[in-house]
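Using the sequences plus the hints, can you model the full thing?
Residue numbers (full-length UniProt numbering): 1 to 413.
Hints were generated in silico from the structure; no laboratory data involved. All C-beta atoms, glycine included, are put in the ideal place defined by N, C-alpha and C. There's no promise every hint is true.
SDA-like mimics (lysine to any residue), calculated; alpha carbons at most 25 Å apart, straight line [as the list claims (entries may be wrong)]:
1. K152 x Q104
2. K146 x R115
3. K263 x S223
4. K106 x F88
Derived Cβ-Cβ restraints for the label pairs, each shown as a range [unchecked claim]:
5. P269 x V224: 18 to 24 Å
6. Q85 x F195: 46 to 52 Å
7. Q85 x R115: 17 to 23 Å
8. G225 x V67: 40 to 46 Å
9. E83 x L147: 19 to 25 Å
10. A119 x D268: 53 to 59 Å
11. V272 x N245: 34 to 40 Å
12. T378 x E68: 52 to 58 Å
13. L394 x H122: 44 to 50 Å
14. E338 x W145: 39 to 45 Å
15. D295 x R105: 31 to 37 Å
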Amino acid sequence: MLVVAFHQVQQLVLQATGFGKDVEVTAESVSEMLQAAKEILEVNADMSFIAWCTQLQGTLALATGEVEEAISFGEATIAAFEELQNGFGVAQGQYILGSAFIWQRKWEEGDELLRIALASYHKYSFRQGVAITHRILGMSCVLQWKLEDAIKEHTIAAETFEGMGDVAEAAMSMRHCSHVYVSMGQPLDAIRILFDVISSYELLGDKLRCAGCLLELGNWLDSVGLFQESLEQHLLGLQLCEDLNLEQAVAFFKCGAAGSLCKLAYSDPSDVNFEAGQEADRLLREVLLVFEHVDHLDPTLTVLTSPNPFGLTLEELRAGLKRDLAAAWMVSGREASESIKLAEEALAEFTDLDDKMEIATCKVILADIMVHDDDTRTQAMASMEEALTILKELELPKGSFVLELEEYHTRAT
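Set out below in structure tokens:
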């Protein structure tokens, strides 16, 4: 029973971290199996297997986001293996407890425990543990905004995985590095790394993770003004997801392609490409249609977005699509009233979500549409005033677009 549970915990951990396929077992069923095994072992007073069972319970709790349980099992694992004088088992408990502390933002305690576990993993030549611990330390550094240190940790993790011949995990760690470079304002370094990561996934025949990297690559090419190249990456990813028959993933790429097309269409106000704008409008409408007719987000998107770091909900996604459609109000053949309706629907949804930044954005879009009509010009000015008030309350850094909005508002009035 315990061996079966061990393999099922491994499957669930891989699934939770973006690897492995969906498994038929659930965290609840595996937890029940572990508890049943533990009770049998306690009757026989088999302390070694009881300790192992406790460690598996902690690993499962950590993988499924049950942080308080992970802390409890981590502490119990350490105590059990200390009594058995098993240094490796103690390190496993320290890893569980340290990782749980990181998710609670207890940086000092978490990092210290992970460093102690890391030293033990080196002592016992447990290279997988070394690599995974460096990855968690890298994530901790990112959360603390120690970005240079994060690069070092993720690079060590990648090199360790590569030394083990684990191409998939090495690629994942380098993908983490690319995310950090973007946070550091170095998208060109991120782009360079991503091309290598995509090559690794192509070697493995992993179309889904290739697609995920193409999604990020398209976004980052877009951020440096390479809109045509960005569009090409989104279309490549779209094709991969069509091959995999993943409707929601295809929709994600259509959304990315629409963004690139909008940039191509409106980047030069003196030479608007209305054809590209219309194509972007068509794609966004198709995407909105997909997400308005589903009741949950496909878990596959977690793999595609590596994973979704912002906890994007279906409601936020729908509101964002309506906002983007409204923002492209200049598209040929669309009535202003339709764009206003889309912006107002997005505004209502973001108001329910209490997302101040998005509320302000929607008000700016409404003002931008209504200011061109004498009948709604006063309403437009009021909407802009409300947006500026919200943005000032958010205390955005100097150099943000708040100053540009103030200038725009001054000229308009």
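- Query: Which hint numbers doesn't this structure obey?
  - Reply: 9
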